[in-house]
Amino acid sequence: MSKYALKPDELNKEFEQKKPRILKGEFAGKDWWDLPVEFRDGNWCFPAKPEVLEEIGFPNPRKWAATDADWQLPKDWEKTIREGMKSRLKRFRSFKLFMDTCVRCGACADKCHFFLGTGDPKNMPVLRAELVRSVYRNDFTALAKLLKSFSGSRTLTVEVIKEWHMYFNQCTECRRCSVFCPMGIDTAEITMMVRELLNLIGVNNNWIMAPVANCNRTGNHLGIEPHTFEQNVMSLVDDIEELTGVTVNPTFNRKGAEILFITPSGDLFGDPGVYTMMGYLLLFHHIGLDYTISTYASEGGNFGMFTSNEMMKKLNAKMYHEAKRLGVKWILGGECGHMWRVVHQYMETMNGPADFLKEPVSPITGTKFTNAKSTRMVHIAEFTADLIKHGKLRLDPKRNDHLRTTFHDSCNVARGMGMFEEPRYVLNKVCNVFHEMPENTIREQTFCCGSGSGLNAEEFMDIRMRGGFPRANAVKYVKEKHKVDSLVTICAIDRASLPTLMKYWNPGVSVYGLHELVGNALVMEGEKKRTEDLRENPMAGFGEGDDDE
Amino acid sequence: MTRAWEQIIKENRQAVLDRWTTSVIAMLPGSLNHGSLVAAAIAEELGGLLDAVSDRSLSATEPIVRITRILAVQDLPPSKALSILFGLKGLVDGLPAACGEPFRDRLEELTLQAFDSYMKHREAIYQLKVDEGRRRMHMALRRVEA
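Protein chains in written order, with our numbering: chain A, 1060 to 1608; chain B, 566 to 711.
I should point out that these hints are in silico values taken from the structure, not numbers from a laboratory.
Note that the structure is a prediction, hence the values are computed from the model and not measured.
Mixed in with the good hints, there may be bad ones.
Which stretches of chain B does chain A cover? Using the computed rule of at least three CB atoms under 8 Å from a CB of chain A, they are [said to hold, decoys possible]: (1) 601 to 611; (2) 640 to 648; (3) 688 to 694.
With beta-carbon atoms standing in for the labels, derived distance ranges [stated by the list, open to error]: (4) A/Q1131 / B/D670: 51 to 57 Å; (5) A/F1239 / B/P667: 40 to 46 Å; (6) B/P594 / A/G1450: 31 to 37 Å; (7) A/A1128 / B/V695: 46 to 52 Å; (8) A/D1129 / B/P594: 25 to 31 Å.
Cβ coordinates follow ideal geometry from the N, Cα and C atoms, glycine included.
Make a model of the complete structure from these sequences and hints.
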């Protein structure tokens, strides 16, 4: 080594003197790891109930709370975490790469909605990743271990686990930061790895684990049994008949149907998701689609993605299983966010190849969906855009004139599969008033709703409102500038969480699914005079005395 | 003749506003980052609130509603969140002693208004939890109510 090279202690001294300090105020002069982690009401999600973990065979079932001093971790929890990390570094090359390649340039720092909404430096993606990278350096890289404080490495302690639980549950895996990372680091995948590690020692979230257990048992997150599932759909069929005079005829578990339709279970159970489901049913009836709905593969979403790779794979497998059992040609998927990240990026390698299915071809237009050649599963927005493009739908966009819309790109559909144009194309054909939010808040730069990746828990409301603030702020802009009152989206979690976010930050803005507006605009054969939309709200200019021709 | 405190604030508006903005943002848990979106949103509203402090003909309602909506979901105890107006007291230079009392009265009046607004937002949070639960169980409730 050169005689001019600084010795480790000299290097350390110089670094301490010259390094930039990001912390100010009462923490000025301190390091990020000196910032305390304090769980208070509103900033943590309830942990999984013991019976939920027992049902799916996950470790360390017990009653505990994040505010407890003792989290009742298993006896050898350090060993479990270290071995878990070692195994994942070996199995997932991306994890190893993301641990090694960050140059701390800070390009991601102000891109995270949680950072923008909370101002907490540990919510800067670079620093959130550093929470685990610091342990990685200490345990897996010899040089960093020697140059401990210089390299920012630290020992694994209970406090570190608490910090991981706090901040990897303030990441919705939306990947906005990854768009700006010059090294291509995907912080969402780091979060996925850390949540896996935490699950190994029983540190978890009931809002994630209960749906996982439900889905494992019944096929959907809500735990809806097959007969209830069917009854719910038929109840919506009755609503459609009452509103439009048209009787739609969905079928269930029908062998030999051409297409299997799978959508998030929220569309069959929650408000406003059910109105989107009504839109699908009207659309399929309108074009005479030969489709069936499975009461077993009754969930498009996959909370396994927020738990472990193995659980994600297991919960996803039912899609292909059911498609094979029913003998369909291909699968059509409804509006969802993370469902499409799983389908688009992981399904084919996890559970494929689906060589028993055909390359998807629209039976109405003959269009080949070559982009879905490997997964054999088509997104409903692409399917509908293609129908409209070929003039196969009779639409009256005036039926949505009571709505002034904007479009929220769902993170996983936008950044996970690059779909920006199709939903906008459909929206512009089914309504007359549409305004974009500012450029840096849409498409690949879209802001998360603040409640994705299983963080939509009620007890987590304060953090959700903070995390959703950047999105709400963008909606406020179009509300004030263009009098927008309707936020349209193509994600079930968005439909569940954005109404709450809007009511708090932007009262007067309602949330709609794209296909709800399609359902409003469809002119159905044999329909009665339409005066109300699918929510039974009056349409503008379609009252009893108005001429709608 | 002693100048009115309102006049002093108006004459020094920008300097007072800058000091006030800095002190309010420093109070936030995100004070570590002055450029955060939340800090910017609060700073945007403080100007309107300062104008309403010194001019009774201007409505303080809207800036108070907007600021307390942000503060009500921050990691701050209510006492600290609602101390923002009192924080203005020490920030106006050259305020004659005789002006102290009417100035304090005005700040107390607006603080009570902010208290009402803050509580409304907290109530809204609890109502949103209930509403969200109901929306999630929409179809089950329909069956029960049928």
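Hint by hint, here is what the structure shows:
no., hint, result
1, 601 to 611, "holds (count 5)"
2, 640 to 648, "violated (count 1)"
3, 688 to 694, "holds (count 4)"
4, A/Q1131 / B/D670: 51 to 57 Å, "holds, 54 Å"
5, A/F1239 / B/P667: 40 to 46 Å, "violated, 51 Å"
6, B/P594 / A/G1450: 31 to 37 Å, "violated, 55 Å"
7, A/A1128 / B/V695: 46 to 52 Å, "violated, 31 Å"
8, A/D1129 / B/P594: 25 to 31 Å, "holds, 26 Å"
Comparing the model with each earlier hint shows violations of hints 2, 5, 6, 7; every other hint is respected.
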